[in-house]
Amino acid sequence: MTQILKRKALALVGNHAVAYAVKQAKPQVLAVFPITPQTTMLEKLAEYISSGELKAELVRIESEHSALATIYGAAVAGARVFTATASQGLLYMGEMIYWAGGQRVPMVAAVATRAIAEPWSIWDDHQDFMSKRDAIWIQIMAENVQEAYDLTLQAFRISEDERVIMPVMMGFDGFILTHTMERVEVLEDYEVDSFLPPRQFNLIDFSDPIGVGPIAQPDEYMRIRYEAMKAMERAKSVIEEIMREYEKISGRKQYGLVECYKCEDAKYAFVTMGAWSGDAKVAVDRLRDQGIEAGLLKIRVFRPFPREKIKEYLRSMKGVIVFDRAVSFGSGGILANEVKSSLYGLEVPVYSVVAGLGGKDVRPLHFQKVMEDLIEGRLEEERWLL
Amino acid sequence: MSLITQVKRIPKFYRGNAACPGCPIPRELDILIEELGEKTVLVVPASCSTVILGDTSGMPSTVPVVHSAFAASAAIASGIVRALRMRGDKDAIVTVWAGDGATGDIGFATLSGAAERNEDILYVCYDNEAYMNTGIQRSSLTPKGAWTTTTPEGKREFKKPLPFIMAEHKIPYVATASIAYPFDYQAKVRKAKQIHGFRYIHLLSPCPPGWRFDSSLTIEIAKLAVETGVWPLFEIENGEFRLTSVSKTLLDKKNRKPVIEYLKLQGRFSKLTEEQTKEIQESIDEMWEQIKEMVKK
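Taken in sequence, the protein lines are chains A and B.
Just so we're aligned, residue 0 is where the first sequence starts under numbering that gives the first Met the number 0, counting upward by one.
Just so we're aligned, residue 0 is where the second sequence starts under numbering that gives the first Met the number 0, counting upward by one.
Hints were generated in silico from the structure; no laboratory data involved.
Heads up, some of the hints might be wrong.
To be verified - Straight-line alpha carbon distances no greater than 25 angstroms define the calculated BS3-like cross-link-like pairs of lysine-lysine that follow:
1) B:Lys295 / B:Lys270
2) B:Lys277 / B:Lys158
3) A:Lys54 / B:Lys89
4) A:Lys247 / A:Lys235
5) A:Lys25 / B:Lys89
6) B:Lys11 / B:Lys89
Please model the entire structure based on the sequences and the hints provided.
Below, the structure written as structure tokens:
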């Protein structure tokens, strides 16, 4: 059944779209430290609070480490919480990222992805986001401003779902999305209220005092980590379920752990994550015009990693090219490694392309060229687009 | 039948915890929790207290405890108190219980940030003057001349004057305290409980294995720290400085015991030369001259 809805649409840059979603999610405590390219989001949140549109405590904190520590404390004490950062800021948060993941509290952090120093770069890549892949956080990434808005709302819901209870990191490309204005369809406040009921999580009970995060002896430690792994696996179906529910509210069919763009009948596929998935789609269309049966598998949820979906969609491809904006030095493109491991045992050739580091421009043409090289047998197993 | 009715005191911090013999921490916490009441949250960064507070199978505290990464406690406490207040809880006391390393070194930016924002939290530093949980390494609060495993020749630098630094943040309440003067300590906690905003209490907390003294001497040494003037007991309420307890009588040098009486009981000072001891005595006298100025104001 198709429902035609007249949606309110706003022209928003990515940072403001996420801030708008946060305002609608009604967190009670926020702690955000300024860092490019996230800062305009912090400013917008401060405006919402100052004008009374968002009734929350915004802690003007002295560092990112403390920003995450503050929302951790607030989350433990029962508040819905939010922070945002990028690059060095995410690294500086690093210890607390693991802390919050290990304790498994609901919280949402937006990461305006940005390259890591040295050398200094304020421009986009995914090295910051990918560096937190083992921290017991659900990690999702947006392709465009609309998706950044939608995923932010979904992130709160996923994070607080009792079958999951885990922090969620929503990545969206620095500048490419944070500072680009797009038409964004937004939900009405009452719709968000019903999608995101008040949070039910609190560890501070004076009548039943507990120690939150004490020492765990080896058996117990191992058991806690195993529970986290099981929760991650469980989260896959929960995320799909929540995204489907959101789809019904928004009326936009676009969600799941992965997005398959013309890959059902494709023989060759790109795999991407983030903003350049849009460029890859343009490339797919152009390649199809040339008679090449190309498709795209966009990874929307990176943790838990959608192994099964990757197998399902890519199992009979003649060639898969994974584009990475982040590298495990001495090993290779991080996403490529994950895709290869998911396809283990199947005879699918997987090629790794490392590109766009530190904001280096990548266009549809680059995707086309690499695909043409693959088909003509000229593509190396790993290529850097220098 | 005895004519004296025994007052049965219910401990707020259970015995049988993992503290070393002679460690004052359990008693310090017992008094703290008793004064603050059951609507208290303790936030505890990495320290001896992490171990003392048990593990996933149980804890000796009778109030909720939130464990913290080393540098994060004042920030975690800020978050907890903001959340509790947003929930409409106006009277719960969020208290950081941290060692000197977490307070004066790794967590100092966090502490300073929370104080500058005047967060509604009580911060108690129990100062045992080194990283004791990792095995006696020097901190910025280790006193000059003291042996630690990382200052085998004795520490060369002075002890960071943290209570005064905290007072410079213009927070509503700063106090020093000692387990040898429990009523003074208790009164300060009671006062801090009534105040809103950032409150800071700095407890000198002798450590038998770290300071190299017999575990039966904890209180005696804590007492000597005060009597020799090494550890002045005072409070600064809204900028107003006031000596408390026996420290009130120590402005006159004649009333202060020579520092050697404090130093000689501790193995960590056993290698001090006469000259170094003299230098320590001079620095104490100098500090008291400054205190005189503060009292006059």
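Hinted pair, alpha-carbon criterion (25 angstroms max): Lys54 of chain A, Lys89 of chain B. Please report holds or violated. Answer holds: Lys54 of chain A to Lys89 of chain B is near 17 angstroms, not above 25 angstroms.
With a cut-off of 25 angstroms on the C-alpha distance, tell me whether Lys25 of chain A and Lys89 of chain B pass. Holds - the C-alpha atoms of Lys89 of chain B and Lys25 of chain A are around 21 angstroms apart, at most 25 angstroms.
Can the restraint linking Lys277 of chain B and Lys158 of chain B be considered satisfied, given a maximum Cα separation of 25 angstroms? 17 angstroms, holds
With a cut-off of 25 angstroms on the C-alpha distance, tell me whether Lys11 of chain B and Lys89 of chain B pass. Judged against 25 angstroms, a Cα distance of about 22 angstroms means the pair holds.
Lys247 of chain A and Lys235 of chain A were given as a pair; does the straight-line alpha-carbon distance stay at or below 25 angstroms? 19 angstroms, holds
Regarding the pair Lys295 of chain B and Lys270 of chain B, is the alpha-carbon distance no greater than 25 angstroms? Outside the cut-off at roughly 38 angstroms; violated.
Taken one by one, the earlier hints fail for this structure only at number 1.
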